[in-house]
Amino acid sequence: MSVLTLEGVSKRIGKRWIVEDLNMTVEDGEVYGFLGPNGAGKTTTIRMIVGLARPTRGQIRLLGQDVWRDRRQAMSALGTIVENPEVYSYLTGRQNLLHYARLAGLGDAPKRIDEVAEMVRLKDRLDEKVRRYSLGMRQRLGVAQALLARPRLLVLDEPTNGLDPAGMREFRELMRALAKQGTSVFVSSHLLSEIQMMCDRVAILKGGRVVGEHTVADLTQAATGRVRLQVGDVVAATGVLAAAGWSDVKTEGQTLIVEAEQSDVPRLVRALVAGGVDLYAVEPQRESLEQAFLELTEAQGVESMADNRSVRGGEQGA
Amino acid sequence: MRELVRVCLNEWMKLVRRRRLWVASLLGVAMVGLFAYATYHNYQMQQKYNSLAAWRQQLVVDKQRLADLRRQQQHPAKSHAEPGAPDVAQQMQEVQDSIRQLQKQIAEATKSDAQWRQEQAKSVRAEQKSLAQLQAQTAPASGLPAAQHQSDTAQTRLALLSDTYRLTHNVRPLPSGSQDPYTMVMEFTQFSASVFLPLLAVILTADFVSGESTSGTIKLLLVRPVPRWKVLLGKWLVACLATALLTAGLLAVVWLIGCLQYGMHGARQPQVVGLTYQFKHFIASDGSSTDVVIPLLTHAHVLPMWVYLLASAGLEVVAMMVVATIAFLCSTLFKSAMASTAAALGAVVIGFVVTQFLQGSRVVPVLFPTHMNLAANWTGQTAQNLGLTVSLGTGLCTLAVWGVLSLVGAFVYFMRKDVLNA
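Here the protein sequences line up with chains A and B, keeping their order.
Following the working numbering from start to finish, the first sequence increments by one per residue and tops out at 318.
Following the working numbering from start to finish, the second sequence increments by one per residue and tops out at 1422.
Rather than coming from a laboratory, the hints here were simulated on the basis of the structure.
Honestly, I wouldn't trust all of these hints.
[Stated by the list, open to error] Derived DSBU-like pairs (lysine-lysine); straight-line CA-CA distance at most 35 Å:
hint, chain 1, residue 1, chain 2, residue 2
1, B, 1063, A, 15
2, B, 1122, B, 1104
3, B, 1104, B, 1048
4, B, 1417, A, 129
5, B, 1335, A, 123
6, A, 129, B, 1335
7, B, 1335, A, 15
8, B, 1230, A, 129
9, B, 1230, A, 111
10, B, 1417, A, 15
11, B, 1048, B, 1111
12, A, 180, A, 123
13, B, 1230, A, 123
14, B, 1063, B, 1129
15, B, 1280, B, 1129
Being a predicted model, the structure only gives us computed values, none of them experimental.
Generate coordinates for the entire structure from the input sequences, incorporating the hints supplied.
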């Protein structure tokens, strides 16, 4: 069963369509990335998912419940961090968590507060005023409040903003562990590496439209038909390759890039070894998420913008 | 219901840990302190010049002076007989008048209760008689004489109300120059109701929602299973409760200070309530105009001071809750805590200035700052100040309309708004 579905979701603010016709599904136990440049409509989409803003058109369902019409059921399945870790700095960490536990209607609030504090390693400092917390600690408190009500779906908007590398890594591990336990995660980011390391699937947003929804594996493992070789003698190697039938070779220092499929690699290696060339490394090239991202957003971005304009023109005419 | 209780608990937890509550309380206490000092200063002045002890002292001085003057009269040779100076006989006359006046005041203050009752009964009978006479007269048909007759009758009945009360309940007036906690609280209300107490209510409640928008916590508040209207209702209830507690608390502190400084007396003094006034304006044929003020006594009755005080404190709390509700509306409309506080303060201060500025206009009774001191509406003081027929009912209705409109506005806006860039 899908945890989150967006069906034809559009949002207009004033005369501008911030996002248009979004369709996405997040499955159980999946970490779903939501990637896009700044200003693409990520935050607006997330605010609609968590019920802070109302879609102009379309429907958003959490566990099959409409976010606006069956708010109570929908929201009880949700945990969220929206942008910065916003907490009441004049309360202690424990009071902050108690505040949210009351709103979630938790029966075993004190016990659960200790549990989540343990999970994010804040237990020792929980009774201190949040004013004295570091940014990382506030972020962890934000995660704790999101986990408090045992959500089925975590919605995170740029969650690693302001975390140091160790904090980021810890955060990723926590998300992965939660996903393993069956919690779905919907995470937005403009950091590609972040998404690449965390997510199973990714939707790429550009100019208010989803321009591609792929598994991260698909995007990053698509073979490019190129193999990268590191050799001792570049000239000798080029000669051997030309003789074996690979004439299209690019040279970068000690590295050769050959137009060859993955299935050709054994034949290629045999030829080089037989030709007496010293071989240090063989690596079939894969597309990086960055390339995929740039290709998708650049190629279709222009198109979709042109599209938007015609749609808007049509509406004004009518 | 339990959900609402939990929301309220949350709001209370946040309120008592925010600086605003303490700022408002400290300002309130400082103001009460200053007021108590001013009252005490005034009281001492009264004691010095206008009390039994002062009169007795003055009497001794006057008698001494009279004796001196007598001696002077008997030995005129000693005097230099300055030209222009009032002659001795005239001076003696003045001193004797003063002595007589003082003796009368002292007798009034020191007479026994039985004596007082007797005199009170006599004056009540006199008033009743004059009222009967007025009623027996055939009332003039219309115009200025009719209004004046109406006014005279009502004034006599008004005087009779509290005088009869004093007689039947055996309540003597407090000695002149004295102070009591009940008067003190009413004076404090009068002095603080129009600007100072509303200011505290605004400080306390004008960032209830906007504060969360400013800090961004509103996002985490509204992604819970609790519906938005319940979150807002909880906030409003706590805002009103805090305002009520602060207002009632300050009035209680004033009363306590009064009790400690001046004793507990004054609780049974009469206070006429349910009074309002009618104002009639006549222009004579020669162009001169006359104003006639007619008390309207249909709902008038007398309450002992302590009942009046409790009811007034309740009314003041209601008025401040309305101010808090208006401030609450501002806090939902504005995203910045600063802007919402400024808007609410502006509403209170500008509202007050406008009511002063438009004195006598028909618009004034429908503005909320006019009815900040509902106790004064009840005793007819507001009506007298404005020169308009304004009663407690008018005040309560006006405030109810303002409060309900603000609340509805706040809810409608809050339910619909998208939280996009908080």
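So, going through the hints one by one against the coordinates:
Annotation: proposed proximity of residue 1063 (chain B) to residue 15 (chain A) is violated, straight-line Cα distance about 93 Å (limit 35 Å). Our distance criterion of 35 Å between C-alpha atoms is met by residue 1122 (chain B) and residue 1104 (chain B), whose separation comes to about 18 Å. Of the pairs offered as hints, the one joining residue 1104 (chain B) and residue 1048 (chain B) holds, with about 19 Å between alpha carbons and a cut-off of 35 Å not exceeded. Restraint check: the Cα-Cα separation between residue 1417 (chain B) and residue 129 (chain A) comes to about 31 Å, which is no more than 35 Å; the hinted pair holds.
For the hint linking residue 1335 (chain B) to residue 123 (chain A), the alpha-carbon distance of about 34 Å falls within 35 Å, and the restraint holds. At roughly 25 Å between alpha-carbon atoms, residue 129 (chain A) and residue 1335 (chain B) fall within 35 Å of each other, so this suggested pair holds. Proposed proximity of residue 1335 (chain B) and residue 15 (chain A) is supported: the alpha carbons are some 22 Å apart, at most 35 Å. As the CA atoms of residue 1230 (chain B) and residue 129 (chain A) are separated by approximately 27 Å, the hinted pair is consistent with the 35 Å bound.
With a C-alpha separation of about 26 Å, the suggested pairing of residue 1230 (chain B) with residue 111 (chain A) holds against the 35 Å cut-off. Among the hinted pairs, residue 1417 (chain B) with residue 15 (chain A) is consistent with the structure: their alpha-carbon atoms are about 17 Å apart, no more than 35 Å. Taken as a hint, the residue 1048 (chain B) and residue 1111 (chain B) pair is honoured in the structure, with Cα atoms around 22 Å apart against an allowance of 35 Å. At roughly 24 Å between alpha-carbon atoms, residue 180 (chain A) and residue 123 (chain A) fall within 35 Å of each other, so this suggested pair holds.
Of the pairs offered as hints, the one joining residue 1230 (chain B) and residue 123 (chain A) holds, with about 31 Å between alpha carbons and a cut-off of 35 Å not exceeded. Proposed proximity of residue 1063 (chain B) and residue 1129 (chain B) is contradicted: the alpha carbons are some 40 Å apart, above 35 Å. Restraint check for residue 1280 (chain B) and residue 1129 (chain B): the C-alpha separation of about 27 Å stays at or below 35 Å, so the hint holds.
Hint compliance for this structure: hints 1 and 14 are not met, and every other hint is.
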